[in-house]
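S.K.: Generate the whole structure from the sequences, applying the supplied hints.
Protein chains in written order, with this note's numbering: chain A, 1 to 412; chain V, 1001 to 1412.
Quick caveat, the hints were computed from the structure, so don't treat them as lab data. These figures come from a predicted structure and were not determined experimentally. Hints are all accurate, no fakes.
Derived Cβ-Cβ restraints for the label pairs, each shown as a range:
| # | chain 1 | residue 1 | chain 2 | residue 2 | range |
| --- | --- | --- | --- | --- | --- |
| 1 | V | VAL1292 | A | ALA411 | 20 to 28 Å |
| 2 | V | LYS1289 | A | ARG315 | 19 to 27 Å |
| 3 | V | ASP1290 | A | THR342 | 21 to 29 Å |
| 4 | V | LEU1364 | A | GLN262 | 28 to 36 Å |
| 5 | V | LYS1180 | A | ARG315 | 36 to 44 Å |
| 6 | V | ALA1350 | A | THR342 | 24 to 32 Å |
| 7 | V | LYS1065 | A | THR361 | 48 to 56 Å |
| 8 | A | THR361 | V | LEU1364 | 35 to 43 Å |
| 9 | V | LYS1277 | A | ASP318 | 22 to 30 Å |
| 10 | A | SER412 | V | PRO1209 | 25 to 33 Å |
Distance condition first, Cα-Cα at most 25 Å in a straight line; then the derived DMTMM-like pairs of lysine to aspartate or glutamate:
| # | chain 1 | residue 1 | chain 2 | residue 2 |
| --- | --- | --- | --- | --- |
| 11 | A | LYS277 | V | ASP1365 |
| 12 | A | LYS180 | A | ASP109 |
| 13 | A | LYS289 | V | ASP1338 |
| 14 | A | LYS56 | A | ASP100 |
| 15 | A | LYS277 | V | ASP1338 |
| 16 | A | LYS382 | V | ASP1338 |
| 17 | A | LYS344 | V | ASP1338 |
| 18 | A | LYS331 | V | ASP1338 |
| 19 | V | LYS1201 | V | ASP1264 |
| 20 | A | LYS133 | A | ASP79 |
| 21 | V | LYS1354 | V | GLU1329 |
| 22 | V | LYS1180 | V | ASP1122 |
| 23 | V | LYS1277 | A | ASP365 |
| 24 | V | LYS1331 | A | ASP338 |
| 25 | A | LYS133 | A | ASP122 |
| 26 | A | LYS382 | V | ASP1365 |
| 27 | V | LYS1289 | A | ASP338 |
| 28 | V | LYS1285 | A | ASP338 |
| 29 | V | LYS1382 | A | ASP338 |
| 30 | V | LYS1344 | A | ASP338 |
| 31 | V | LYS1277 | A | ASP338 |
| 32 | A | LYS133 | A | ASP172 |
| 33 | V | LYS1382 | A | ASP365 |
| 34 | A | LYS316 | V | ASP1290 |
| 35 | A | LYS285 | V | ASP1338 |
| 36 | V | LYS1316 | A | ASP290 |
Note that CB positions come from ideal geometry on N, CA and C, so glycine has one too.
2 protein chains.
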Amino acid sequence: MPKSETLRASRRNVLKGVGIATVGASLAPAGMALAQGTPAAPSAAKGPKLLEMEGKAKLIVLGDKPLNAETPAEMTDDDVTPIDKFFIRNNGLVPDAPADAKAWKIKIDGEVEKPMEITLGDLMSRFPNVSYKMMLECGGNGRSFFSPEARGNQWTNGGAGCAEWTGVRLADVLKAAGVKPSAVYTGHYGADPHLSGDASKPAISRGVPIAKAMEPHTLIVFKMNGKDLPLIHGGPVRLIVPGWAGSSSAKWLTRIWVRDKQHDGPGMGGFSYRLAKTPIVPGSKGDPKDTVILEAMPVRAVISFPADGARLASRKLDLRGHAWAGENEVKTVDISTDYGVTWKPAKVDAPPNKYAWQRFTASLDLPSAGYYEVWAKATDSKGVTQPFVAGNWNPQGYGGNPINRIRVLIAS
Amino acid sequence: MPKSETLRASRRNVLKGVGIATVGASLAPAGMALAQGTPAAPSAAKGPKLLEMEGKAKLIVLGDKPLNAETPAEMTDDDVTPIDKFFIRNNGLVPDAPADAKAWKIKIDGEVEKPMEITLGDLMSRFPNVSYKMMLECGGNGRSFFSPEARGNQWTNGGAGCAEWTGVRLADVLKAAGVKPSAVYTGHYGADPHLSGDASKPAISRGVPIAKAMEPHTLIVFKMNGKDLPLIHGGPVRLIVPGWAGSSSAKWLTRIWVRDKQHDGPGMGGFSYRLAKTPIVPGSKGDPKDTVILEAMPVRAVISFPADGARLASRKLDLRGHAWAGENEVKTVDISTDYGVTWKPAKVDAPPNKYAWQRFTASLDLPSAGYYEVWAKATDSKGVTQPFVAGNWNPQGYGGNPINRIRVLIAS
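M.R.: Structure, rendered in structure tokens:
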């Protein structure tokens, strides 16, 4: 179904005056405002900065140092996100690639009976290899929708992708090491140097409750879409803690420290990956004491076809997109073309496995030529749906998952 | 129920740093942003300009020439809008008050068997006098919610009020004049000079289809809330065409011209009081040929208590407001305090008569201290509800009726 010809065709069909280079969030020309100016896109009169990297598509660069780049919505149309279209999120520097990936060492220590140091080669041969299609999503995905602006990379909805990951279960490895009853939390360490390059400075180290670590979809991963895990995506080996803020899924994995208390590495404290416990005044300073850890990501639907700003020849519109919901399944996706007055259910496919995104499709028949916004709203298996705006403001802008809105112009 | 003590108390309770002078749309301090920055209020670091006029409350001045002033939401809490709180909308200059109101003359001509010129005194004694509580609403009410900005006074929701109007039925007068089968439309004329003061320049003259003119609630009015109609509100005599754009309700009425075709006076053509026939790109130029006349006003709910920006001592909140829906009745009002994820029905009172606004009340129990937005959404008897943003952009910004949003801070 997701044909790259279709995508290219749609990109050719965007409103006049916008060249093919300015893809993504800024497809629509300046005059084609979203009603009430949702800050849905990096403001870009000349278009956003596009990634130029071998093996990667022209993602939208949100930051250079560290490098962070998101996937424009119309590039998320594949059932499984290709490596070249997969978003890039770094906290520190990218380490050098090892000469011998199989010799890469991972240490398991802390609250275990038999601390171990195991090479990637041994890991691959000693434990069952499993493959799942699973979401990986930046904890700050949707941050740009907050007003006033929250600190950090201004992700729209493109800090998320669903690849097929192959690895071994973290649970199998931890069981082999013998998890003690005192185990409460994990602490994850990677080989990426601190952004300053100063080896004495601590790099990000996050972790998860032991139950999530033992969840059978939490993997130590060495293949992405059947290929060796690329360096930029954490190769040769990383964690995938699916459905949770991506920062838990340490890249360039070197150590799992099993803790007898909540992990306290860099990235666990202050306002990092934490939500306000009770709602605070937008733009206020907040107090780190009044926060809770961001764990599972919230429900979200993203329209992948047509592209925002598409000029369409027909009033008949076959819409496509993906939806996901952290620990939960997406039950319904509803579409509105009249600013939320009426809604029509989309068809939502079952996920191929837990933690995969779900395809939704809808056939729309717009009442006339002209300008429309098309809105998509997902609801999960717990009945939780997306808000209409990003509420619950917090200083670093986590949990922003307002309903997705694109603009289309139906030619007369 | 609407106690001015309560209102004053609420105004005293607004967030610190905002004085009592800056009432209304800008109660909340600069930092207390509405999520995703709905342009809900005239931007006002120092607060809006307040009306200083004998017999009038401190309305929010939207324009000086002509004078236009809206009622802040927390001043719309009365069952019947008092004269002092009633919004002011002018197109031209305010004429001089007549020395003898009863001698004021109104001409009925055009497609009638017996053209007439009748004094106000004769009108009052010759035809049955009736009283109704009815909405009067500026056609541009809600204009400020459009993005990009539309031309004209930037009304929030305060270009509307519900007074008790006393007058005679226009239908009775037209019947007395003998409406010909050729009658199609009315044209209304008032004594207000053109804004330039140049008597040779035509002042606004709008009209309505003959069926609406014959509707038993369409009145020639000379009393407002039991008092002689004040000059600023069109006294000594005006039309009230309830539920429709206020510009049809000519002030200082001098003539009803019954036409054999749609009226073509100033205010009927171009983009004036006209909506886009099919949706156009926001901010585009538009084409007057692709427009239709704005007739009935859309469904709308406005929270009158608490005030936007109120600081409240308790998590228990007794909310109040009014809702109305042009030609229709309001069936439901729903309240959300979580950005539209969940909704709770408010209690909606029946209107005292057709075209009156309807009181809604709700008891909320907010889950914690902190910052909340409270949203109100009305749905009419036809099942039409308010959109979440002002869609269907048009160059003069008519029909903007997004759901109402206020901010409150629950003290810990």
